[in-house]
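All chains, full assembly: derive it from the sequences and hints.
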Amino acid sequence: MQVYLPIAEVSVNAFLLFGLGGIVGLLSGLFGVGGGFLITPLLFFIGIPPVVAVATGANQVVASSVSAVLAHLKRKTVDLRMGTVLLVGGIMGSALGIWVFNILSRQGQIDVVVQLSYVVFLGLIGALMFQESLRTLRRSRAGPVAPIKRHQHLWVHNLPFKVKFRTSGLYISVIPPLMVGLLVGVLAAIMGVGGGFIMVPAMIYLLGMPTKVVIGTSLFQIIFVTGFTTFMHAATNNSVDLMLALFLIIGGVVGAQIGSQFAARLKAEQLRILLALLVLGVCLKLALDLLIEPSELYSARPVGRF
Amino acid sequence: MRWLALLTLLFLPQTTLAEEVVAGLSQDSISITANFDGSDLLIYGAVKREEPIPQDSLLDVIITVEGPSEPVVVRRKSRTMGIWVNTSGVEIDRAPSFYAVATSRPLADILSQTEDLRRRISTRQMIRSVGAPTEITDSAAFTEALIRLREREALYVLRENSVELKADTLFSTDFDLPADLIEGDYRTRIFLLRDKKLVASGETSIDVRKVGLERWLFDLSREEPVIYGLLAIIIALVAGWAASAAFRLIRN
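Top to bottom, those sequences are chains R and A.
Residue numbers for the first sequence follow my numbering, beginning at 7 and rising by one.
Residue numbers for the second sequence follow my numbering, beginning at 23 and rising by one.
If you're looking for bench data, these hints aren't it; they were derived computationally from the structure.
Where hints are given, some of them may not hold.
Pair by pair, the computed Cβ-Cβ distance ranges are [to be verified]:
#1 K218(R) / R170(A): 29 to 35 Å
#2 T159(A) / G287(R): 37 to 43 Å
#3 A101(R) / D115(A): 30 to 36 Å
#4 R174(A) / K82(R): 52 to 58 Å
#5 R112(R) / A163(A): 21 to 27 Å
#6 N274(A) / I298(R): 48 to 54 Å
#7 T159(A) / I264(R): 39 to 45 Å
#8 K218(R) / I272(A): 23 to 29 Å
#9 Q276(R) / R174(A): 57 to 63 Å
Glycine included, C-beta positions come from ideal geometry on N, C-alpha and C.
Below you can see the structure in the form of structure tokens.
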């Protein structure tokens, strides 16, 4: 069954879209990632114009994050105050990102910037995840080791404007969380992702937040940042395709349910290696597209369409 | 859904009164619905004459279908710092979004270059590129690239020998319109030729429109982008909440 996407102005197979949404939903259910970093490049591969893929990808992340954060709110693993600070930085970053996006888009360089960002970040995160899961696998074989030392006194803790974050048990300056939020907001707008895969390590290693509140807090602020990104793309570029979003969201919702059912039964470390390999695979494909001489050097894009 | 619209086209004689075109289309409008999967278009007609069929030359027919024209930016990649990036671009002033040509015999055998230039019949003539930036010396390569790219996507099509001509009077041809059509007026032209020269011609247009949900979403996104953006967010919020609620129901 073909479906004509009114904004992208291309016709795609509806089951393919359900499938893509479903696979990404499955992953988010299994690993607790938003899945934006996978859906956007997958949409490039099936021929959706990059501008539309980025804007609509952000819209799908809103849905999957809402679905996931509700469970976290119930378990009280969301630091709302920290989330709000990250969010303020995030919205400023998102506005900045949209501005950069529109400039690059006009100069015809947006595709390469989006692709490069993906290659760099997917490569980095994929490699880190792969290394970490290998280490956990080895450690679980070797037996217990000394716990990692927490609450180190970093330079981050000497900045002014200190605020108490009770849920996280932190008393730190608001500047580092604002900067983290800003960076993730810029990336969210340019790459069409929630940024959870960058936000989570930053919260643990830069801000020193306890792991149990990290995912919920990250998801909480991602909803607002991607929501804002979606809105800004819709308002300034008219590039959100609701028809496309609808298919992805429905597929994603079903996939997420199946994913969370599976997650309880499967071994976490082995799954994480699989996810790392998948992320690296997508990264490799995008990197090769940039490095190998393309068979067609020319590309055409109508002015005033996507 | 497929209904016949017999459009009688009245054509002013171009060069001579001896032969005229009377033609019809299988449909005079195409609706892009949510499950639009391309469309077949049958164009048929007859040659109207007051005199007997001329025997000294062969009659040939060329039929074209043309999507709305628009400016297009063609960019070329080259290797910069190890990666392939768009480095040069030419803006082509007007190029049809879709262009199909059907002929009764090979195009080169039935159409002279002067007639092609005058009537803009071949794909190359349909693309108008006025000026390229001064640093680009090979602007023709960009036009060629546009034609190549669109031929590959079946947006530019040349189908020689596909117009069926019966008794030098009745003609018909079929066009496959692709699923990736854009909206607008699609102009169809019919040319009758003898000795590579135009004898008569006529044109009509097909209205291609998004309808229903497609129409509504597209209009909303352009006319009320703020409401459209809010709608996108609300749908995502509701879907996310519904998913979590449904999940809880299933588990309990």
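The hints, checked one at a time:
no. : hint                          : verdict
1   : K218(R) / R170(A): 29 to 35 Å : 57 Å, violated
2   : T159(A) / G287(R): 37 to 43 Å : 41 Å, holds
3   : A101(R) / D115(A): 30 to 36 Å : 35 Å, holds
4   : R174(A) / K82(R): 52 to 58 Å  : 56 Å, holds
5   : R112(R) / A163(A): 21 to 27 Å : 24 Å, holds
6   : N274(A) / I298(R): 48 to 54 Å : 53 Å, holds
7   : T159(A) / I264(R): 39 to 45 Å : 57 Å, violated
8   : K218(R) / I272(A): 23 to 29 Å : 26 Å, holds
9   : Q276(R) / R174(A): 57 to 63 Å : 43 Å, violated
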